[in-house]
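S.K.: Working from the sequences, and respecting the hints, build out all of it.
Okay, here's what each chain looks like letter by letter:
There are 4 protein chains.
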Amino acid sequence: MKLWGGRFEKGPAEQFERFSRSLHFDGRLFFADIEGSRAWARALERVGIFTGDETGRVSAALESLAEEARREPAFFDAADEDVHTLVIRQLAERAGTGVADKLHTGRSRNEQVSLDMRIWLKGEIRAIDEAAVRLMGALLQQAERAPEVVLPGYTHLRRAQPVLWAHYLLAYFEMLTRDRARFARCYEAADQMPLGSGALAGSGLPIDREALARDLGFAAITRNSLDAASDRDFLLEFLFAASCAFLHLSRLAEDWILYSSEEFGFLELGDEVTSGSSLMPQKKNPDSLELIRGKTGRVLGHLVGLATVMKGLPLSYNRDMQEDKEPVFDAADQLRGALDMAALVAATATPRPEAMKQAAAGGWSCATDLAEYLALHGVSFRQAHETVGRIVRAGLAEGRAPEEWTLEQLRAFSPAFETDALPLMRDAQGIRRRELPGGTGPNAVAAALHEARERLGKVSGARC
Amino acid sequence: MKLWGGRFEKGPAEQFERFSRSLHFDGRLFFADIEGSRAWARALERVGIFTGDETGRVSAALESLAEEARREPAFFDAADEDVHTLVIRQLAERAGTGVADKLHTGRSRNEQVSLDMRIWLKGEIRAIDEAAVRLMGALLQQAERAPEVVLPGYTHLRRAQPVLWAHYLLAYFEMLTRDRARFARCYEAADQMPLGSGALAGSGLPIDREALARDLGFAAITRNSLDAASDRDFLLEFLFAASCAFLHLSRLAEDWILYSSEEFGFLELGDEVTSGSSLMPQKKNPDSLELIRGKTGRVLGHLVGLATVMKGLPLSYNRDMQEDKEPVFDAADQLRGALDMAALVAATATPRPEAMKQAAAGGWSCATDLAEYLALHGVSFRQAHETVGRIVRAGLAEGRAPEEWTLEQLRAFSPAFETDALPLMRDAQGIRRRELPGGTGPNAVAAALHEARERLGKVSGARC
Amino acid sequence: MKLWGGRFEKGPAEQFERFSRSLHFDGRLFFADIEGSRAWARALERVGIFTGDETGRVSAALESLAEEARREPAFFDAADEDVHTLVIRQLAERAGTGVADKLHTGRSRNEQVSLDMRIWLKGEIRAIDEAAVRLMGALLQQAERAPEVVLPGYTHLRRAQPVLWAHYLLAYFEMLTRDRARFARCYEAADQMPLGSGALAGSGLPIDREALARDLGFAAITRNSLDAASDRDFLLEFLFAASCAFLHLSRLAEDWILYSSEEFGFLELGDEVTSGSSLMPQKKNPDSLELIRGKTGRVLGHLVGLATVMKGLPLSYNRDMQEDKEPVFDAADQLRGALDMAALVAATATPRPEAMKQAAAGGWSCATDLAEYLALHGVSFRQAHETVGRIVRAGLAEGRAPEEWTLEQLRAFSPAFETDALPLMRDAQGIRRRELPGGTGPNAVAAALHEARERLGKVSGARC
Amino acid sequence: MKLWGGRFEKGPAEQFERFSRSLHFDGRLFFADIEGSRAWARALERVGIFTGDETGRVSAALESLAEEARREPAFFDAADEDVHTLVIRQLAERAGTGVADKLHTGRSRNEQVSLDMRIWLKGEIRAIDEAAVRLMGALLQQAERAPEVVLPGYTHLRRAQPVLWAHYLLAYFEMLTRDRARFARCYEAADQMPLGSGALAGSGLPIDREALARDLGFAAITRNSLDAASDRDFLLEFLFAASCAFLHLSRLAEDWILYSSEEFGFLELGDEVTSGSSLMPQKKNPDSLELIRGKTGRVLGHLVGLATVMKGLPLSYNRDMQEDKEPVFDAADQLRGALDMAALVAATATPRPEAMKQAAAGGWSCATDLAEYLALHGVSFRQAHETVGRIVRAGLAEGRAPEEWTLEQLRAFSPAFETDALPLMRDAQGIRRRELPGGTGPNAVAAALHEARERLGKVSGARC
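Residue numbers (this note's numbering), protein chains in the order written: chain A, 1 to 464; chain B, 465 to 928; chain C, 929 to 1392; chain D, 1393 to 1856.
Hint data in this document are derived by calculation from the structure and do not stem from the laboratory.
Since the structure is predicted, the reported quantities are computational estimates derived from the model, not experimental observations.
For glycine and all other residues, C-beta sits at the position ideal for the given N, C-alpha and C.
Across the chosen pairs, the derived CB separations fall in these ranges:
1) D:E1540 to A:G378: 52 to 62 Å
2) D:Q1750 to A:R400: 21 to 31 Å
3) B:A542 to D:A1839: 51 to 61 Å
4) C:E1379 to B:Q605: 48 to 58 Å
5) D:A1471 to B:P887: 55 to 65 Å
6) C:E1382 to B:A861: 37 to 47 Å
7) D:A1804 to A:R400: 41 to 51 Å
M.R.: As structure tokens, then:
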């Protein structure tokens, strides 16, 4: 069965049918297509194409189709060109050719596939949001469990200043919060109902599009039929949002691969999320994190792919755009998988506070505290920075760690040092000086944790 | 002059300095850096580092610097490492080492460069928004000037159904509307004030960050110091928004290159925006549009570039991130140039209504009207589609154009045709049947035009 | 069954196993893995790990495995972690645990997967080369069938100068020739045997690597074990070669979509490779070409994806690199499909010589001939160009086509024109003036066609 | 001055000229353009357009232009549209309008820019090859200086097996060897002479293209004029080769950033190539390596950019292709800079053999040696792997390092252990067992070092 053909003398070559068919991937839109088709039947009834009885039969048959498809995966092993053709053919077999032949009145596959993708994407974004919330919850739990643990904060992968482990974890909470907002906006972009646009010029039937949008749970209707047939912005936005989320996950993965290495020793990953080697018996490899990091490339590739597809296409629909589906489906799968995987890694990781603390004390990461101390005691910051730089150089040359310095030794470099400078040189005491909002001071972090927990409880900013 | 050094025995190699210096591109942040530094001086005064008098001297000196830089482009031909060092050095020369040495108290270049980029980007987005509005205005003018002109709408680059030229232009208006919204959201992402984050751990001074945000005209403060040092999401969003805008422009370019070709003949481009050939005397080439289309690749490349830079970086700041600037600066320049160029092309293009109309009548683009006619007269759509397919095949085989058909000839294919079917076959009359919202019917388009004009008058949705 | 585990207290979580398993895609390497494993057994025999009898049993069991897998697709519906584990488990079931437990001696999955990918890729490149040759043959046939047909050559999508249809087709022949050379070099890159590299440090057994390479049909051995475990250059090269080939196909697709449009009318595509519309009965859409063009983005995306995966990975193997397979497999499938599709499109397309000729005569594409005529008659080229430019302007203004001009009218612009200038203005006569190698003159093209046919007959430049 | 115009009524808008001009970047092709123009003058003389005297005047004037440009950078601050126009205008000013107006006979800017890029690129590839050789030399020197130093080889960033520092360095030598080969092939792709192709159809003059190729030092001529005008494969190949080289450099950068961190401590970077912090006085940051790693994204972005530009362009030349230059120029600059930077980093880095050795002994990286020991003593590898896995687990649980184990303790796990197993557990003795080609055994590495030094001495494989 084909939805076209009268104009052709010969049918398509089998090779071409194989090359162009999409059922093996767009079957995923089946339930969205059913939902859209049922609503379209109701819309056709409102303009007199269907009787109430016919609408009822169509609707019941489509519902029974959906049930069968839910039960029976082999349902999708069919020879149809695409999911829309599958649905119409099955409908004809169940409810008769009469109604099936009428269902496509005033509707084109161009708008139908746009509708289906939008319905599907809205559902997918809801699921992604829930997965993001689970990961954020796992990070918060780690933070709440160890509110006083200190580790070195890094810049340039060099120990910079001590920070609270909870503060570190909250940095990722912020990134994921932005990701959720990006997906919420993408949801809004998807939440425009295209039916009634026809193939490109608007339907020839006086469809009540606003009513149809309400019926299908959409917030608005698309505004221009040519644009509706051409637009894939909402999918590009999704791929971009997924890429950003993966960039954040890739940084978490990199950090934790480092932190769980023999050299850092800050974190023990759970046996549940690590692998061994077929050759080297001692290995315990952070494969879960490596895969998360690696999949970042894949999803960025999908974004590039779809953007390149769209570049330079004339209006309105072109078949190139069929290439939108597989990357979007895969990006959604990969992201959900990676968020869940990251949540399990976070839930099963064990921090090693002693190793963190020791590292935080090392590397002269108290130097900024000393410089700021001098600056607050009348030394210009530039001079203070220079002075402490020389102290560090001396300490390294003489092998004298910060906690071993005496006041006299300090004062040899600057008379502005007093006894209250010494605590800054041990046990990451300087952390307590950073209590401004967003800082790593214990009170600031406690407040941030409390607020994060509250934000997480609330529904996402978007309607999704 | 360097902002660091006490800890080192040897200075950097000249080759390294050349490789790592950024003044030749980050000089562009100069005015933002001045603005941020003046506000920082006021913040330092509030915590007692500066006296009121010192703040005044710093502020005046910075202001005079800015004036000189505005007057004298050679101002930026300096040997400093980066724009921040340039400002401090110049400040020292004007206001004395005393205050210059204090200005950097409690502040790091990590947060400073984030602030500068945010200030700069907010300004740039405002300018882009204005350029987009100008292009949208030019498209609306074309539409309003010729509200009844008809051309063929295309799918698969085959004549599909006639549409109004104004309707076609409004499709691009919609795309640009989405672009503006994307930039507005990017503006919000940039509108978070990072100062007070220190290098990564939060400043050691009790800076009132909310006051500083108000002082600098920011909507909010960043929430986590580690994240503030690491985050480049707002730049990725900008590059993505620019890529999307370019994808839309590339499609307009493609369409208009086609429409102005000898083969289509729908549009005459202005001599002002076309070029000749050094070899072929007859050529009038649409270079302006080709360049717009070509620059799409460049900006997408910038997005890929920055995303790849960020992939897998550990927290927090890494010097790799210096590579964020050139692509963002270039994307902004290219986009502003392309929007302005497109506006000039739109303003100077002359439609050829006769050629458009003739093409709209050709290619049996009335076929859908005929099929829908049958569907509205009791024939199932599937049968109607099949019947009209055969009519088209016969017409092509016999060389009989739609307007040459008689009612008898039509009725030989289906008795459901009546005399009111014939007008659908000439002069794109079917267009009048598509009056639902978003359709190409004359009333629907008039309403859409009116609404577009109103929307354009309003300020953008965002605070920008 | 797992190939590791003694060091772990807990097994992997089911969620992690799902996230990390690869059998559903690396099953594709099964036959390569069998081939490699049989050769490895022989190598183990040479160093005394296996007896001759054991090698025989292993080899026979592996062969029977391969036979079953060929017969029974469900063979791959297994729960194993990856294809290597599947093979070992099946081997144990058939040949006993004794030999299966020994087969992995001195070998790691890191080198094994590299070997398998190399064997697989070499076969795939051979198949791609054959598909490219088929397409080139179809293009040559089109050219040979119509050696005198003329169409306008375009620059900037404006008619530039007439060229022979055969010359036009040979341009694509050249592009595909370069593609073949690129794949041949990629074959050489793949043709390095990695076994013996161990996991990263070299095998602990004194394997004769050169003998193993000969046994497996490889040209050379890899030179450094750490590099062998880390290197994915050969896959990046493949993705790049595939991207280039797709860029060429995308240009052919664009050209032919244009040429077969109602506006150009140069080419009629076969019904076999075109589609209709579910809504618009008259449509005959070039979907095959649009899909080819669209898939360009997908494959470029894969290249970006893998490059991003590799960026910044420390030596040597990291699990991120598992993400190399799916993009490479898909790129190979898409390219083979697209080459075959393009060959069918080329074989079934019918040129419309009259329309081509008429267009070639239009658009003043003879202007360059006129200018060069003047230049050969003593006028400086710059003046000649200017003069002909004014002739074109006058012709367009007065609506006088080139073939309507008289000698007097020409001479009013330049006295250097003689009667032999007039033929240049009709029937693309100027084409005969371009007989230098690479030019579009009939003799030059005939020679090029002949040479192309000869080149196509020969084997590809590479060993593949 | 313009090289076209007769056909136009109005000149180009100033805004369009600004948007489309390229002199600010294609000025870089000036010397190539001079070289090509001089050869073109000689070719024109051979076909009788120029007299010998005219050729001499043109040639002398072009030579004097080149000299002035070399002396005076402001030479390029001109208002010309592009470099070709600049050359012709300057030529007219020096040698008179007469010859300048004739020089462009039978030549188009389409082929000219292709020629210029090819000449420029060949020179650039030579320079890149030299820079690669310098870096390889610096790596070899490090290796030769410390042939016995051992460090842990890593997989999954976990200590895997000990390897020689020289072996590790040679892995990068292999990658750079492949990079050189890629550039050599890119050189061959560039080494095709396009002049005589005209704008697209072949020149109208009977130019001896082979002679011209010899005159300009090209290996061959391009084979099809349409292809010559359209082809940018050689630039895509260059961007791909540069991206691959950067991927390798990014891995070196990542490794050395890790190795020079406080946690690893394997390497001390020179003060010459590290930076401090404006806030944190103790910092010594590996900025040189971070910038190298970061620039990888930029260059990959350029590849994506140009590929996207080319996608879907109809034949032959389109102005979009002007966007080929800036990415290629920038990629060349960045790569040369990065190779030189990496060479300086390599030359100034100091390994810390004690720390490397200690780490190599840690992490049970001898486990594979033990397993292979058992396998060579009659235990199946699978059992051996399992047994050693349990030994590792016991060792970690009891805190007993490998070198602390007694034979009795080992034999409690397997009676196959003899006294000769104990040395494998200390001082990375197992390394001596890996002497097969490509392995990390001292003799194998000494041979590889020797061979590398020889290979480096030879000229690159390509003609470049």
